[in-house]
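Asker: Residues per chain are reported as follows:
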Amino acid sequence: MTASKQTLEEILNLAAAHFKVPREKLTPDDDFFKTLGIDSLQALDLLTRLEHHFHIELPDYELQGVSDFRTLADRIQARL
Amino acid sequence: MNPVRDEGHVTKETGQGMESFRGEALSWELKDGVIELALHRSPCNEIGSLTLEELEKFVHALEGFQDEAHALIIYSELKAGFCAGADLRELYRRSQEMDRQDAAKGVRDYLERIHRVLNTIDAAPLTTIAAVHGVTFGGGFELALVCDLIVADKMARFCFPELRLGLIPGFGGIPRLKRDLGNAVVRDLLLTGRSFNATKLQQVGLVSQIVAEGEALRVARATAAQLGKFDRQTSIAAKEFIKPIPYEELQREIDIFCELFVRPAVESGLRKFAESEDAQPYLP
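As they're listed, the protein sequences go chains A and B. Sequence positions in the first sequence follow the working numbering and run 1 to 80. Sequence positions in the second sequence follow the working numbering and run 1001 to 1284.
Extracted from the complex, chain A is given alone in its bound form:
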């Protein structure tokens, strides 16, 4: 598995576990606001969890307009 696929997989696993959604229901191109049923406050919570998980800083402005797991993984991968 490539590093970027590994990153994407870890994001999907973390999101599924935290928001209690079956992992098999999440796919890379899903709109995570819709699939996870989260609002902007919960998205901020997800951002913080991802920063802790990957030990990175991810400025919110880099996520403006990002709503799918694949692009989110790209942004995170660029910080690893």
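Please note that the accuracy of each hint is not assured.
Stated by the list, open to error - Taking lysine to any residue pairs in the SDA-like style, the calculated list, with each CA pair at most 20 Å apart, reads:
hint: 1; chain 1: B; residue 1: 1200; chain 2: A; residue 2: 20
hint: 2; chain 1: B; residue 1: 1154; chain 2: A; residue 2: 56
hint: 3; chain 1: B; residue 1: 1200; chain 2: A; residue 2: 53
hint: 4; chain 1: A; residue 1: 5; chain 2: A; residue 2: 25
hint: 5; chain 1: B; residue 1: 1200; chain 2: A; residue 2: 5
hint: 6; chain 1: B; residue 1: 1272; chain 2: A; residue 2: 61
hint: 7; chain 1: A; residue 1: 20; chain 2: B; residue 2: 1080
hint: 8; chain 1: B; residue 1: 1200; chain 2: A; residue 2: 25
hint: 9; chain 1: B; residue 1: 1200; chain 2: A; residue 2: 24
hint: 10; chain 1: A; residue 1: 5; chain 2: A; residue 2: 61
hint: 11; chain 1: B; residue 1: 1154; chain 2: A; residue 2: 54
hint: 12; chain 1: B; residue 1: 1079; chain 2: A; residue 2: 47
hint: 13; chain 1: B; residue 1: 1079; chain 2: B; residue 2: 1104
hint: 14; chain 1: B; residue 1: 1154; chain 2: A; residue 2: 5
hint: 15; chain 1: B; residue 1: 1154; chain 2: A; residue 2: 58
hint: 16; chain 1: A; residue 1: 34; chain 2: B; residue 2: 1200
hint: 17; chain 1: B; residue 1: 1154; chain 2: A; residue 2: 53
Because the hints were derived from the structure by calculation, they are not lab data. All figures in this text were calculated on a predicted structure; none of them were measured in a lab.
Put chain B on the given structure of chain A with help from the hints.
Answerer: Chain B only, in chain A's frame:
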């Protein structure tokens, strides 16, 4: 100790002052030498006129029981977070009800009142702890900054989003950040408007302790109990020595905020915020 009614709120008073209070926006209680100030105004403790009035009531009461208390803990009872800052919807609504000159005067009056409250807590002769979690934005961040110690839940998030509205923080945030942090971090927080997690703010020296989710208040209480072991006068002298209040810069901040506030760009930014259907439009 006699239970009394105070403007509709149940309170308890001693000879020294109001020991406990339950208001619409906040509550406090003095117990075992520790005052706990709890914020509980939905959706996320936005500071408007009601909260300000109750904060003024609190600092007035604080003077009455300083002899009995050695520590103050400020925390939120709401899941969303510690505090999302000023009530911008109320600010916008009120500014629309008056002409620009009166609106500017009203904003200055509001800022001077909140500064008096925050300066009093900042300089209070007891050790103060902010136990924060979740959203700690704008005026909420500034409320935490007046405290001597910040105990942060690992999921806490801090931000100064004011520049998005064409404003600067107005509750003393910049002078207090400059007091506590290096200028590069202050510029990053202020000029980018990005949010920092608790780990980042511990790394730069602002957050004292990071704790597991849901543990901030418990750890703050344990810290407050530790503070009670020390001689009060020594603690007061130590605080006065190491924590100057930047009064001149705080006043300058009010002046700059008021100069910016009258610009059309601010009215436009506030309108966009006030008319947003997002429950948390302060979020990035």
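Asker: Output the numbers, in ascending order, of every earlier hint that fails for this structure.
Answerer: Hints 1, 5, 8, 9, 10, 13, 14, 16 contradicted; others consistent.
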